[in-house]
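Protein chains in written order, with our numbering: chain A, 158 to 438; chain B, 24 to 280; chain C, 18 to 193.
By construction, these hints were calculated from the structure, which means they are not laboratory data. It is possible that some hints are incorrect.
[Stated by the list, open to error] The list that follows gives simulated cross-link-like pairs (lysine-lysine, DSSO-like), each with its CA atoms no further than 27 angstroms apart:
#1 K438(A) to K384(A)
#2 K365(A) to K384(A)
#3 K270(B) to K333(A)
#4 K247(B) to K229(B)
#5 K30(B) to K154(C)
#6 K270(B) to K229(B)
#7 K154(C) to K197(A)
#8 K384(A) to K437(A)
#9 K229(B) to K291(A)
#10 K369(A) to K402(A)
#11 K229(B) to K333(A)
#12 K437(A) to K365(A)
#13 K247(B) to K369(A)
#14 K191(C) to K141(C)
#15 K30(B) to K141(C)
#16 K402(A) to K438(A)
#17 K333(A) to K438(A)
#18 K30(B) to K189(C)
#19 K333(A) to K291(A)
#20 K437(A) to K402(A)
#21 K141(C) to K154(C)
#22 K229(B) to K369(A)
#23 K365(A) to K402(A)
#24 K247(B) to K270(B)
#25 K384(A) to K369(A)
#26 K141(C) to K96(C)
#27 K291(A) to K369(A)
#28 K333(A) to K437(A)
#29 K189(C) to K141(C)
#30 K369(A) to K270(B)
[As the list claims (entries may be wrong)] Examples of chain C residues lying across from chain B (beta carbon under 7 angstroms, computed):
#31 F33
#32 F41
#33 R42
#34 V45
#35 E55
#36 Q59
#37 F62
#38 F63
#39 R149
#40 K170
As the structure is a prediction and not an experimental result, all values here were calculated from the model. Where is the CB? At the ideal position from N, CA and C, for every residue including glycine.
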Amino acid sequence: MITRIGMGMGIATLLATQLCAQDSRQQITMPFRDPSMPRKLIVEGGTGSLTIRGYQGQDAIIEYTGREIPPANNRTNRAGRNEPPAGMHRIGESRGLDITEESNTVRVNNQSLFGGNGRDMVIQVPAQTSVNVKTMFGGNMTIENITGDIEAENFNGQVTINNASGSVVAHSMNGKILVSLDRVTPDKSMSFSTFNGDVDVTLPADTKARFKMRTDFGEIYTDFDVKMEANAAPVVEEVKDKNGKSRRRVRVDGTQSGTINGGGPEMQFTTFNGRILIHKK
Amino acid sequence: MNCEQAKTQMLGENQGDDFAAHLASCDMCRSEASRIGALWQSLDLLPLDEPGGQVRERFYEMLGAYRQGMASAEPRKTRQLGQWGWQIAAAAALIAVGLALGYVVRGNGQPPAEVSQLREEVANMRQLVALSLMQQQSASERLKGVSWSYQVEPSDTEVLNALVTTVNHDPNVNVRLAAVDALRPFTGSPATHLAARNAVVQALPKETAPIVQVALIDFLAELKERNAAPELRRLVSDPDIDSGVRKRAEWALERMQ
Amino acid sequence: MAEVSAGQVARLAVLFERYHRGLFRYFVSMNRDREQAEDLVQEVFFRMLRYRTSYDPAHSFTAWMYQIARNAGVDQVRKRGMAQVVDIDSFALVSGSPGPEESVSRGQDLALLRRAMGQLPEDKREILVLSRFQGMKHEDIAEVLGCEVGTVKVRVYRAIRALEQIYFSLEKEKVS
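The shape of chain A in the complex, shown without the other chains (with noise of 0.2 angstroms):
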């Protein structure tokens, strides 16, 4: 139930509700209060894993756990910290997280400081938000149940992506990238990339798209038909992957273009080194 209080339209800045500090979870809720803008979050910086996921509430839930060395005695931990006194737990703002709200757009700034601890963060906001995420020596990261456009960015850690139904971008330097769609928005253009693993994405048979694929040391597998573009003249063969499922794989140098369904926006799958999978839902 949300119920309208009389702030004023500045930025509101982190409320902090503090739960079982014992464990050192932490949640905040923050309000998307301005109904004319689309809502967005974006998540920047973070050294611990991240979960966003959409859920039928109007607010954005901020969750998080801080990964402190559990308090055995009073030495101070490698950060240099000081552990809470027996029998004392810390209040107040955790160093490093900022979370402020402006015309509809909440942002989680999670420059955990060097040298400091990871956070673990879940994050619930309403299914239709657009999500803009970008983490920095990250764990994995996971977003489900989310119609909005998702942009999504990690540096050491997979990418995973359930039940989408809007336009994905998503990126990792190291890690997996592993896509399912619902749905796929009629004219909405999406990529997803990796330098080291496979980029692995599901898609409802009915998909209307041109693929552009690419990877340089990894072998391209689809249960789509695709309609190849004639660019360098890819073999298109049979075969058979570990599960003994048939595959057509596609083997040639350079980007390979092609087909489902008739054509359609563009989806770019791009690795390094890795294999892409492309699945028929």
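Dock chains B and C against chain A, hints included.
Same frame as chain A, now just chains B and C:
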């Protein structure tokens, strides 16, 4: 403030102190405000519908035809691009293949128009789409803008500049990657090939994402662009650079000998 | 928009990129099927181009655009010579296939909400769409609908109340 007045303020933007005061003292209005407030908010949860792929093409077709002063600029009611759209598309295709076509017959039977006028219309339309899309806030739209750039004339310096800006400054890795590839057609046109080649050389030292670095290096190797050699050598010897990238830089230097 | 008035027709393209989706959604929610909605979007931009000199930069652009949109919608109905068939079970703002949010546990409310929107009388639905989904200011809506700003507030309130009643009666139906 009475209940009647309060009701009209419940969904309003600036509710004011009077309203807050009334709510504090009136149970009925308070509960009503919270109920309809919740309903109001939840309307936002309904997913949004998206127009189909042809809407943009039809619009630009109409715009181009209008500028041309054609009587048949009336918007097409059919799914297909219609007779006029077919003619524009055909003319564009013929231009792309380099054929000179004398005339294109207009729908209303008047004397045919010059292909060069048509050519300009088509080019302007596509340029507009590409440029406007590349400035959009969402990465998906900017990607679309980059893919539209393949539709413009390779001599189009405005679009080339937009692509170069995208390669150098776009915050999204995927968009930069797509923009690098989109520069290729511009290296084939006498008007723009120097600017395009130079852009690739300049972009390499600034780029930090390995997947884009490799795309730039491959491009430079294809072009046999010797101006990039110093930067390539620097990459080979920089231990902070990913080993895959370094190997590719080495390979590129060899190819350029 | 002033640039368009000055004859630089091409700037309409930028406006297209910014507004065509919103217009599409407006038409689709006013009982147009997707094809008709797409046709109407074209018609609106064509009319904005053609009648661009009638736009007064002192006034709100979105108000002008939606006035044209409503007229185009009315003209289409006239041309077809019959009232639009209303599918009360589906509010057309949502696409045909169920989205992920419609999982059994959570989705029932949204499906019901959709149906309730579809059952609203057209004028109430329109004012909700303009104020909630298009995010138009009350002053602009007043200009579009040709009424007073105060009236807009009352009408928005009445519309959401009507929606609430329909929604709850649908909910009761489900339970019984």
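To see whether the hints hold, each was checked on the structure:
1. Proximity of K438(A) to K384(A) is assessed by CA-CA distance (about 18 angstroms); at most 27 angstroms being required, the pair is judged to hold.
2. This hinted pair checks out: K365(A) and K384(A) have alpha carbons roughly 12 angstroms apart, not beyond 27 angstroms.
3. Straight-line distance between C-alpha atoms of K270(B) and K333(A) comes to about 22 angstroms, which keeps the hinted pair within the 27 angstroms bound.
4. Distance restraint check for K247(B) and K229(B): the Cα-Cα separation of roughly 20 angstroms lies within the 27 angstroms cut-off, and the hinted pair is therefore satisfied.
5. Distance check on the hinted pair: K30(B) and K154(C) sit about 18 angstroms apart at the alpha-carbon level, within 27 angstroms; holds.
6. Note on K270(B) and K229(B): the hinted pairing holds, with a Cα-Cα distance of about 19 angstroms set against a maximum of 27 angstroms.
7. Restraint check for K154(C) and K197(A): satisfied, since their Cα atoms lie roughly 21 angstroms apart, inside the 27 angstroms limit.
8. A hinted pair counts as satisfied when its Cα atoms are at most 27 angstroms apart, and K384(A) with K437(A) qualifies at roughly 15 angstroms.
9. With a C-alpha separation of about 19 angstroms, the suggested pair K229(B) and K291(A) falls inside the 27 angstroms cut-off, and the hint holds.
10. For the given pair, K369(A) sits about 24 angstroms from K402(A) by alpha-carbon distance, which is consistent with the 27 angstroms threshold.
11. Proximity of K229(B) to K333(A) is assessed by CA-CA distance (about 25 angstroms); at most 27 angstroms being required, the pair is judged to hold.
12. As the CA atoms of K437(A) and K365(A) are separated by approximately 12 angstroms, the hinted pair is consistent with the 27 angstroms bound.
13. Between K247(B) and K369(A), the direct Cα distance comes to roughly 25 angstroms. Compliance with the 27 angstroms bound is thereby established for this hinted pair.
14. Distance check on the hinted pair: K191(C) and K141(C) sit about 24 angstroms apart at the alpha-carbon level, within 27 angstroms; holds.
15. Our distance criterion of 27 angstroms between C-alpha atoms is met by K30(B) and K141(C), whose separation comes to about 16 angstroms.
16. Using a Cα cut-off of 27 angstroms, the hinted pair K402(A) and K438(A) holds, with the two alpha carbons roughly 15 angstroms apart.
17. Simply put, K333(A) and K438(A) have alpha-carbon atoms about 20 angstroms apart, close enough for the 27 angstroms limit, and the pair holds.
18. The hinted pair formed by K30(B) and K189(C) meets the criterion: a straight-line CA distance of about 25 angstroms does not exceed 27 angstroms.
19. Between the alpha carbons of K333(A) and K291(A) the distance comes to roughly 16 angstroms, so the proposed pair stays at or under 27 angstroms and holds.
20. Of the supplied pair hints, the one linking K437(A) and K402(A) holds, its CA atoms being roughly 13 angstroms apart against a limit of 27 angstroms.
21. About 16 angstroms separates the Cα atoms of K141(C) and K154(C), which keeps this hinted pair within 27 angstroms; it holds.
22. A C-alpha spacing of about 25 angstroms is found between K229(B) and K369(A), which places the hinted pair at or below 27 angstroms, so the restraint holds.
23. Distance restraint check for K365(A) and K402(A): the Cα-Cα separation of roughly 24 angstroms lies within the 27 angstroms cut-off, and the hinted pair is therefore satisfied.
24. Between K247(B) and K270(B) the alpha-carbon distance is near 17 angstroms, which keeps this suggested pair within the 27 angstroms criterion.
25. For the proposed pair K384(A) and K369(A), the alpha carbon gap of about 12 angstroms is at most 27 angstroms, so the pair holds.
26. Between K141(C) and K96(C), the direct Cα distance comes to roughly 24 angstroms. Compliance with the 27 angstroms bound is thereby established for this hinted pair.
27. The hinted pair formed by K291(A) and K369(A) meets the criterion: a straight-line CA distance of about 24 angstroms does not exceed 27 angstroms.
28. Among the hinted pairs, K333(A) with K437(A) is consistent with the structure: their alpha-carbon atoms are about 19 angstroms apart, no more than 27 angstroms.
29. Distance check on the hinted pair: K189(C) and K141(C) sit about 22 angstroms apart at the alpha-carbon level, within 27 angstroms; holds.
30. Restraint check for K369(A) and K270(B): the C-alpha separation of about 24 angstroms stays at or below 27 angstroms, so the hint holds.
31. The beta carbon of F33(C) comes within 5 angstroms of a beta carbon in chain B, closer than 7 angstroms, and the hint placing it at the interface holds.
32. Among the interface hints, the one on F41(C) holds; its C-beta lies about 4 angstroms from the nearest C-beta in chain B, closer than the 7 angstroms criterion.
33. This hint holds: R42(C) has a C-beta 6 angstroms from the nearest C-beta of chain B, less than the 7 angstroms allowed.
34. With 7 angstroms as the threshold, the beta carbon of V45(C) comes within range of chain B, its nearest partner Cβ sitting at about 5 angstroms, so the hint holds.
35. A distance limit of 7 angstroms between C-beta atoms decides the matter here; for E55(C) the minimum to chain B is near 5 angstroms, and the interface restraint holds.
36. With a least beta-carbon distance of about 4 angstroms to chain B, the hint placing Q59(C) at the interface is held under the 7 angstroms criterion.
37. A distance limit of 7 angstroms between C-beta atoms decides the matter here; for F62(C) the minimum to chain B is near 6 angstroms, and the interface restraint holds.
38. With a cut of 7 angstroms, the hint placing F63(C) at the interface with chain B holds, because the nearest CB-to-CB distance is about 5 angstroms.
39. Using the Cβ-Cβ criterion of 7 angstroms, the hint placing R149(C) at the interface with chain B is satisfied: the shortest such distance is roughly 5 angstroms.
40. The interface hint given for K170(C) is met, as the beta carbon of that residue sits about 4 angstroms from the closest beta carbon of chain B, less than 7 angstroms.
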